[in-house]
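Participant: Each chain is listed here by its residues.
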Amino acid sequence: MDYLYHILIIALIYSIFAQSLNLELGFTGLYNFGHIAFFGIGAYASALLSLSGVPIPVAALIAIGLAGIAGAFLALPTLRLSGDYFGIATLVFAEMVHLLFLNERDITRGPMGLPNIPRPDWIGTGVTSLPLLLAVVFFAAAVTFILLRIITNSPFGRSLKVIREDEFVAQALGKNTFLIKTKAIVTGSAFAGLAGVLWAHYITYISPSDFTLQETILVLLCIVLGGKGTHWGPVIGAFSIIFFAEFIRFIPIPSEYTRFVAPLQGMIYGFILVIMMLKRPQGLISESRGQRTTNA
Amino acid sequence: MKKFVFSTIAILFLISAGRVTAGDISVGSVTPLTGKLAVYGEGFQQAMLLAADEINAAGGIKGNSFKIVFEDNNSTSKGSVSAIRKLITIDKLPLIFGPASSSNFLAVCPIAEDNKIVLLAAESAAASISKCGSYVFRVFPSDLLQGVGVAELTKSLGYKEVVLTYVNNDWGVGLAEVFKTEFTAAGGKIIDELPHAEGKTDYRSEILRMKSQHPKAIVNLTYIKEGATILKQAYEMGLKVQWLMGSASKSAKLIDLAGKASEGVIGTYPTFSQETPQYKSFKAAWEKKYPGKKTPVFGEYNYDMVKLTALALESASSNSSDDIREALLKVSKGYIGTTGDKSFDENGDVNASYGQWTIKDGKISDYK
Amino acid sequence: MLLKLDGITAGYGREPVLTDISMHVEQGEIICIIGPNGAGKSTALRTIAGQLIPTRGEVRFKEKNISAMSIAQRGERGLVFIPQGMNIFPNLTIIENLEVAGTLLNDKHKLSHAIKEVLEKYPVLNKKQHSFARELSGGERQLLALSRSILLKPDLVLLDEPSLGLAPIVVDMIFDQIIEIGKSGSSVLLVEQNARKGLSISHRGYVLELGRNRLTGTGQELLESDEVRQLYLGG
Amino acid sequence: MTGYYTQLIVNGIVAGSIYALFAVGLAMVYGVFKFINFSHGELITWGGYLALMFSSPPIALPLYLAVIPALLLTVGIGLAQDCFVFRPLRQSNPISILIASIGLSYLLRNGIRLFWGSDLQSFNLPLSTGIIFGDIYITRIQILMVLSALLFFSILYFLLTRTLLGKSLRAVSDNIELSSIMGINMRKVTWTIWILASVFAGSGGILLALDTSLDPMMGMNSLIKAFAAVLLGGAGNIWGALVGGLFIGITENLSVAFISPDYKDFISYGLIFILLLIKPRGFFGIAGGVR
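As you go down the protein sequences, you meet chains W, Y, F and E in turn. Take 1 as the starting number for the first sequence in the numbering used here and just add one per residue. Take 1 as the starting number for the second sequence in the numbering used here and just add one per residue. Take 1 as the starting number for the third sequence in the numbering used here and just add one per residue. Take 1 as the starting number for the fourth sequence in the numbering used here and just add one per residue.
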């Protein structure tokens, strides 16, 4: 049973991560290809703080805050850039953060990673902790879902969509688009930080290789597959992708062919991204349908 | 949405049922079959399968056939965690062979410890693994020993000042730390120290920086690919020094890749005599099962690990992990495998003696 | 009849910009379309040029329905469009601009002759032939754009706002050139904001309003018409 | 000690001339179609691996012959990218095109992994010490790299300034709408751009592979460098790409003398960041303004 708990926990963490990117990419139209950086900042900050004795809830809150601040740090200089330049800037930002994780060995222990990341006492570490952990992660995912839904349905959320459709119109309507976009990135980064915090304390071991471009592509896939700019899309996307990845484990593949599995899986992911853009850019559930669910 | 989740779960369990047949005694293995370590993973798997075949040919365990359930970990810590959770929950295995690469191994350690599952390592060298817990064992000596070995080799060759370079990952950094402490404590001096990134194709800048220090010897703690690339490019750039390397680059593949640039390299490795009957029989069995294939890196350790496990399973009073753990400690005492004495100490570590290797005329030989 | 528009309806989205427009151009005529902002003058020109496909009605050129033809096909048949504003390639030299502008000739030999002709006619361009077009003044750019009519010797030139953003004295020079083009045998259909100027060089004119034909007549008639005077010529 | 710096600069020139080759295609595609093609990097990788395939058994062509089918296939991949993905998406919103190019890049990269594995591969060229000038070492391959880059750039210069096709290409990158009014054959120009981009990327990939070795990530890593080169030199000029490439190559190689080699990539990443801040409108097409 705890294998199932494990998959559910991972899927929920990814759904938080995907939702946070969706706020930027789906709702605001910001092509953030470096979102993994904030996931990593959240994970590292919370892990390092709690390892040095800060109580875990405090460490987690600080980590989420730091991820948000890092978001602002990225947003302020780069938001003036047009779409694809912003994409490149964020991608490069994530690579730089990755290099820092890897090489600032005095702080992050570099490639050795951080083992023995603590968990709160009331959760504990044994097998019995899994249902509790699942409950915590589920709670976090639900809070994320509800908060993001409130945010995106608020006047602020509507401004985001106006910016996505036409930034000039938004400016003409007297909106401070720069401020609004900055807020979107800070919020998105903070939630990505939350996902990272959960990840660090669940896995209890993190290393720089957990935070690479590969993960960004995975989470991008979750959103695109599920339906960007919808509330359920990233959640459905995350569950589909994580369950698909675990499902592959159960296909009996002769050992001489196992080396083909990962590349094939990667090719399928890439292919899905391309096909979705060509045939169904709105994703499995389209935005208008997502809207209906919202009103129901 | 709900439907989707449930049907997926249902499929998962349907497929998983029946993988472990009754009458088998099974253990699990988290192995890098895909991802960046897949090059090594395949060899590990072959060595383990070789041992399993021999065990079954000799009548299995308590009359049951012995089986290893392999799970791929994608060479990542996330994959390792998923894989071990699956092996523990779905296959309900009391003993699992842990993943290669210390970082992946460290990610699964707490899970094994929490679930009281016996976890064995055949190639993870990080010193911190010793502190993993009472259910964790390894048949491979800790870095601590190897770092000391390289430092001793350097001193014995009379080099007082060296440039130190190492692959920038958990293994390389760990080893370099030990080397540094040992070497400087013995009065040696490290003129320059630079890590090199894993898996790059161009190390010229790094080499130039080493060259600018005009060292007589360079300690290069790295893998095969990285090692070969560095040796090759250093050769092209006319850097002539004594290269001192660790055990991870001791491979015929290094010579394949680097050619004559690898000539004269000296390194250490946890030694075991290739003259023992155990090693000879392993070698013969390997050549019979995989004709034409060279024995893989750490293959002997994987082989020993499985053999030792079988002994423990045979003598354990039940199939519970606690009993297996007890039995493992007991049978290891004085057990001599292909890689020598595998007696576990209180940390689950083994001792080792270090030998020295060199490359001469395109062949690996012992350095004397 | 060189060009005939018959009940054209066209637009960009669902709402048509032009509704039931009809007009025609005879051989050797200079025709000017005027009208207030948003009347659909440029849209009409784009529809004739082939950038827009009409939803209803026909564009006939030299007695043939060309509504479905591409811009290039129309160009080969002798219908050349000179758009407003960015109508040259700033990062190409003058010579290169002319070479590219002559693409439709499909003949190297003819092209080099035609280019020589242009350079003789416009000494300003000749002097700067190896400069980038971005270094030219506004009037010189417009001359360079107009030179397509000399290069290709088309039957009909469509000109969109040739006076846009130019100083009055330069505008006079450009309009002199348009008369020249008319004399050289090409008909001209131009859209012009500066209605007085446009009508003064035209044989006939059309007045559009809200995408419909409002008035038509000879240039002189329209210039003297009270309605036009009140509406567009400032009394 | 001066030898040390000179050697670093020489290495930088070699690396830079390859970055420049990659930059050209990236910038040309951007100049005309206005999107950053993430899968440009995969043309680099495929070029290298295909050359390896044709030069090793069972085909085992001599290397100089193997290059031909390898480049032809790379061009095929480039044209297929346009035909099946980018042309159908030309009217879509920019984010779709960008995501599609990321997907395409991932697809192609994993295709490499499927056929050749993730392991490092190399052309087993005979090993020799580089040619020595004073105390500077340079290998024959490295000389070939710089010469090829010069040759390719000269050909490109000739094409863009002396042929009608090249001038049309520059016209299209200047103003695509006006070009179609002028009757420029868009299909021909589109093909030319993809062929040029593929040949430049593929050849650069082969040279890079000859010099070092092949791994599936080589394209992605080079792509970021190429992007930095374009940003830096991109005054709409092919020489800009060359200068930009050289600058990036030299800077990151020289940086090793002062900072840890681990941060070598940090230099070009940081440079991209700073450049984007200085000129947030980025670069224009490569094809404009060559004289």
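A hint or two may mislead.
[Said to hold, decoys possible] The list that follows gives simulated cross-link-like pairs (lysine-lysine, DSS-like), each with its CA atoms no further than 30 Å apart:
no. : chain 1 : residue 1 : chain 2 : residue 2
1   : E       : K34       : Y       : K253
2   : F       : K116      : E       : K264
3   : E       : K264      : Y       : K78
4   : W       : K183      : E       : K279
5   : E       : K264      : F       : K108
6   : Y       : K260      : E       : K279
7   : W       : K279      : E       : K188
8   : Y       : K240      : E       : K279
9   : W       : K161      : E       : K279
10  : E       : K188      : Y       : K180
11  : E       : K264      : Y       : K189
12  : E       : K34       : W       : K183
13  : W       : K175      : E       : K188
14  : E       : K188      : F       : K153
15  : E       : K34       : F       : K110
16  : E       : K34       : W       : K279
Because the hints were derived from the structure by calculation, they are not lab data. In this text, all values refer to a predicted model and were calculated from it rather than measured experimentally.
Participant: Are the hints correct? Go through all of them and say.
Facilitator: Each hint, compared with the structure:
This hinted pair does not check out: K34(E) and K253(Y) have alpha carbons roughly 46 Å apart, beyond 30 Å. Only pairs whose Cα atoms come within 30 Å are accepted, and K116(F) paired with K264(E) is rejected, the gap being roughly 55 Å. Distance restraint check for K264(E) and K78(Y): the Cα-Cα separation of roughly 28 Å lies within the 30 Å cut-off, and the hinted pair is therefore satisfied. For the hint linking K183(W) to K279(E), the alpha-carbon distance of about 24 Å falls within 30 Å, and the restraint holds.
In summary, the hint linking K264(E) to K108(F) is not supported, as the alpha carbons are separated by about 52 Å, beyond the 30 Å threshold. Taken as a hint, the K260(Y) and K279(E) pair is broken in the structure, with Cα atoms around 49 Å apart against an allowance of 30 Å. Simply put, K279(W) and K188(E) have alpha-carbon atoms about 27 Å apart, close enough for the 30 Å limit, and the pair holds. For the proposed pair K240(Y) and K279(E), the alpha carbon gap of about 46 Å is over 30 Å, so the pair is violated.
About 27 Å separates the Cα atoms of K161(W) and K279(E), which keeps this hinted pair within 30 Å; it holds. The hinted pair formed by K188(E) and K180(Y) fails the criterion: a straight-line CA distance of about 63 Å is larger than 30 Å. In summary, the hint linking K264(E) to K189(Y) is supported, as the alpha carbons are separated by about 26 Å, within the 30 Å threshold. Proximity of K34(E) to K183(W) is assessed by CA-CA distance (about 28 Å); at most 30 Å being required, the pair is judged to hold.
Proximity of K175(W) to K188(E) is assessed by CA-CA distance (about 44 Å); at most 30 Å being required, the pair is judged violated. Straight-line distance between C-alpha atoms of K188(E) and K153(F) comes to about 25 Å, which keeps the hinted pair within the 30 Å bound. With a C-alpha separation of about 34 Å, the suggested pairing of K34(E) with K110(F) is violated against the 30 Å cut-off. Restraint check for K34(E) and K279(W): satisfied, since their Cα atoms lie roughly 22 Å apart, inside the 30 Å limit.
The earlier numbered hints that this structure contradicts are 1, 2, 5, 6, 8, 10, 13, 15.
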